[in-house]
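Peer 1: Position chain B against the provided structure of chain A, taking the given hints into account.
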Amino acid sequence: MSDTRPVLTMTAISKFFPGVRALDGVDFRLFPGEVHALMGENGAGKSTLIKVLTGVYGHDTGAITLDGQPVSFSGPMEATEAGVSTVYQEVNLCPNLSVAENIFIGRQPRRLGAVRWRDMRRRASALLARLNLDLDVGELLGNQSLAVQQMVAIARAVDVQARVLILDEPTSSLDADEVKQLMRIMRQLRDEGIAIVFVTHFLDQVYEIADRITVLRNGRLVGEYPTAELPQLALVEKMIGKELDALERLDEQAGRDLAAVETGTPVVEATDLGKAGSVEPFSLTIHRGEVVGMAGLLGSGRTEAARLFFGADRADRGRLAVDGRPVSIRGPIAAIERNIAFCSENRRTEGLVGELSVRENIILALQAARGWLRPVPRRRQDELVQRYIEALSIRPADPEMPVRNLSGGNQQKVVLARWLITEPRLLILDEPTRGIDIGAKAEIQRLVVQLSDGGMAVLFISAELEEVLRLSHKVAVMRDRQLVTELANDDSLDADRIMRVIAGGAEQKDGTRHE
Amino acid sequence: MGSWRRGLPAVTGHRLFWPVVVLVLLLAANVVYRPSFLAVEVKNGHLYGSLVDIVRLSAPLILVALGMTLVIATGGIDLSVGSVVAVSGAMACLHISRQPDQNNLGGVLVALAMAVGIALLLGIWNGTLVAVIGIQPIIATLILMVAGRGLAQLITSGQIITVNSDPYRMIGVGHVLTLPFAIVLALAVTLLVAVLTRRTALGMIIEAVGGNSEASRLAGIRARRIKLLVYVVSAVCAAVAGFMMTANVSSADGNAAGLWVELDAILAVVIGGTSLAGGRFYLGGTVVGALLIQTLTTSVYAMNIDPQTALLFKAMVVIAVCLIQAPAFRAKFWRRRTSAGSPAAPAGEQRKEQVAA
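Chains A and B are the protein sequences, given in the same order.
All residue numbers for the first sequence refer to the UniProt record's numbering, where the first residue is 1 and numbers rise by one.
All residue numbers for the second sequence refer to the UniProt record's numbering, where the first residue is 1 and numbers rise by one.
For the record, the hints were derived by calculation from the structure and aren't laboratory data.
All residues carry an ideal CB built from backbone N, CA and C; glycine is no exception.
Wrong hints could be hidden among the right ones.
What the hints assert, rightly or not - Negatives, chain B to chain A, calculated, CB over 10 Å:
#: 1; residue: Thr12
#: 2; residue: Leu16
#: 3; residue: Leu51
#: 4; residue: Met114
#: 5; residue: Leu154
#: 6; residue: Phe181
#: 7; residue: Ile205
#: 8; residue: Asn212
#: 9; residue: Met303
#: 10; residue: Asn304
Claimed, not checked - Now the in silico label distances, taken between C-beta atoms and shown as ranges:
#: 11; chain 1: B; residue 1: Gly106; chain 2: A; residue 2: Gly371; range: 34 to 42 Å
#: 12; chain 1: A; residue 1: Asp480; chain 2: B; residue 2: Leu196; range: 19 to 27 Å
#: 13; chain 1: B; residue 1: Val132; chain 2: A; residue 2: Arg374; range: 19 to 27 Å
#: 14; chain 1: A; residue 1: Asp323; chain 2: B; residue 2: Val184; range: 32 to 40 Å
#: 15; chain 1: B; residue 1: Ile124; chain 2: A; residue 2: Arg130; range: 52 to 60 Å
#: 16; chain 1: B; residue 1: Val11; chain 2: A; residue 2: Arg380; range: 29 to 37 Å
#: 17; chain 1: A; residue 1: Pro326; chain 2: B; residue 2: Leu196; range: 48 to 56 Å
#: 18; chain 1: A; residue 1: Leu373; chain 2: B; residue 2: Asp53; range: 37 to 45 Å
Bound-form chain A, shown alone:
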């Protein structure tokens, strides 16, 4: 086996979804005996790349080779048989079966059609022993810790003569000790010559184990780097990136006028607001006409904090005041009554009802607030929907089209329209521009500026610092489920400074883990 020849190459891979270019000419290569981190923010194309590799999706252009031979898998089964195994974030095993059964499910050793249980148990023990795991293979998988389940999934994956092992965020639900255990197994497999693709959001883990890093952003390849040559700050910079030309026009008018924001009683004021296990207590005020940006890496608690404002989750500590008056927001309805609106980052699962039409989706929150007995008159519905289809240029401009047929950007505009017709005073936007094309992105950004100029308070959450800087009057930075600092968006604030605050967290965490 020569280390100079990659076991796997992907060349100029492109993948289109309706309205979105999920992958655009991406190259990726993988050498035997390395751990290769695949990095990028959400929507960068990591999962799409993996799905293309394992045959879940076909690719529109490009080529894949395994051991120099061109391959194209029709599905994960075929990929596994060829030696490319995947372990997903959520363990897809059966907790109600034993460890041994889980390892051999679908390919149990048989004689005359009957499963050879003893043989199966013996082989399972041997396999786990190879990974230095001491387990009773007859035990139910569900009785094991998540980390052990994860490792059983890995054992299952590598038993099929795997040469490429893909780990898709394997550590996201593990604690520090469990992560260590997993890393040990990863090292061992690497030393045996298996090539490992490691997808994660935890920077410290990348620097602990990865030999090389490939960074994707917005479906494009940013670059491939040896870990040693890419400092942590540079990595964050490459992941978050800088926005290009189409948005520059907005830049001109940017540098928000801090003086324009009204002071006095804030629209909402959170004091030590928090929820155990979700987000540490934080304080934040948002004034009329103010855009507060929330920056931080994925999993830093941005979304969790925003959900507390809206009552999507119920805070278990702290206080919330609207217009200076203390309120208790027990659920979305209470928030909506106080003119707070929330566009979730998960359009499909938490935003839209895919089966219903554009019109029905737009009218939904207004209708819910009126109660079912007082339907919004059809003529008024058509009027409102038509106005917002035009104002936000929703395409296709057909109010009766089921909303699931629209592209991501247009779906996002439908969710926005839903809340705008309720005339909110605080609009919470959680990653409103993620996964949508650049034109729609610019439109949404322009809209945010317009709305705040008109007096609306906006909480704007985004992983893209350029965007946060362009729109916000002040920036709240989240890290490790804490609001670490609040920065006024004056001339001295730039992406580098925010990045240092964000990355600082990763370094710190790194330090504590290695003590």
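Peer 2: Coordinates of chain B only, in the frame set by chain A:
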């Protein structure tokens, strides 16, 4: 106003095309068996005939299926409707049988009100289990499906209660303006439910809850309340169906009344085009589905098919309808036929061939 050829796919592609085709075929088969099948006549100012009978007998199923449609639209299911039919029928008959004068309209109305009241409670019970406690609908309503039979037996003390009340019998076999009263009642309830869901925003809100419960909650919909409501509506519909069924035979049998009606109702809903996964619902489709199932039942008896095997026959027709309706199945069936046989004929004509075969 397209040409016939252009209009054809619009007709064949309609949700209700295949159920209606099967319904027409069933009626045609009946005519072949008994040429006088379609005859409708007026006797003593009342409408009589096999067709009228079919519609009259399908009235209770239509009612149960309407309630079931709303429940299914929220992504749930109500298995307890048969038991609610038995409980409400038993309750009404028990109260009437204790009246000194069973023909007293006031007494009958009180009996109906009491039975509807019990149905309301049963609906709230189902709705609470599903919406508040969060038990899976199929399990939550299974509880009442089993327990309700016991409750009905408790009410009737294990006996079959017979009543001799003209006002009550009216619900099952009476006539209004030449039309059977049951048909008028079913029509009225259908209109009521249609107005309630489609003239207000209730229908859209139910569809939103069934289509995406979490998104609906985040849009400010009180999803729990809506779920509770549909189980209550379902129970009340079942109660009215219970009056019809027991009035038809002037007796309440806690064991037999409404037995297996939940399955017919679910089938009617599905044949009508409402997905069991919840979301969009079609009341008109449900009515067609109920008519189809009743026609099938009646045909089986009319053609002297052995009652022992009638259910099997019924099941086969239902499976056929469901398969023909599924685009995936049609596509598969089709590919095989075209690859085996003549590839030339245009799609519209081939489809007709398939039905005739």
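Peer 1: Now tell me if each hint is right for this structure.
Peer 2: Structure-based check of each hint:
No Cβ of chain A approaches the Cβ of threonine 12(B) within 10 Å, the least distance being about 21 Å, so the stated non-interface status holds. The beta carbon of leucine 16(B) is kept farther than 10 Å from every beta carbon of chain A, the shortest such distance being approximately 18 Å. Residue placement check: leucine 51(B) keeps its beta carbon more than 10 Å from all beta carbons of chain A (closest about 36 Å). Annotated as non-interface, methionine 114(B) keeps its C-beta farther than 10 Å from every C-beta of chain A; the closest such distance is 28 Å.
The non-interface label for leucine 154(B) is consistent with chain A: the shortest C-beta to C-beta separation is roughly 37 Å, beyond 10 Å. No beta-carbon of chain A comes within 10 Å of the beta-carbon of phenylalanine 181(B); the shortest separation is about 30 Å. In this structure isoleucine 205(B) is not separated from chain A by more than 10 Å, as the shortest Cβ-Cβ distance comes to only about 5 Å. A beta-carbon of chain A comes within 10 Å of the beta-carbon of asparagine 212(B); the shortest separation is about 4 Å.
The claim that methionine 303(B) lies off the interface holds: its Cβ sits roughly 40 Å from the closest Cβ of chain A, which is beyond the 10 Å cut-off. For asparagine 304(B), the non-interface assignment is confirmed: its Cβ lies about 45 Å from the closest Cβ of chain A, beyond the 10 Å cut-off. Checked against the hint of 34 to 42 Å, the C-beta distance between glycine 106(B) and glycine 371(A) comes to roughly 36 Å, which is consistent with it. The given range of 19 to 27 Å is broken by aspartate 480(A) and leucine 196(B), whose C-beta atoms sit roughly 51 Å from each other.
About 25 Å separates the C-beta atoms of valine 132(B) and arginine 374(A), a value consistent with the hinted range of 19 to 27 Å. At about 56 Å, the beta-carbon gap between aspartate 323(A) and valine 184(B) misses the expected band of 32 to 40 Å. Hint check: isoleucine 124(B) to arginine 130(A), Cβ distance near 59 Å, so the stated range 52 to 60 Å holds. Roughly 34 Å separates the CB atoms of valine 11(B) and arginine 380(A), a value that falls within the hinted 29 to 37 Å.
Here the CB-CB span from proline 326(A) to leucine 196(B) is close to 40 Å, at odds with the stated 48 to 56 Å. Checking the proposed 37 to 45 Å range against leucine 373(A) and aspartate 53(B) shows it holds: the Cβ atoms sit about 39 Å from each other.
Violated hints for the displayed structure, listed by number in ascending order: 7, 8, 12, 14 and 17.
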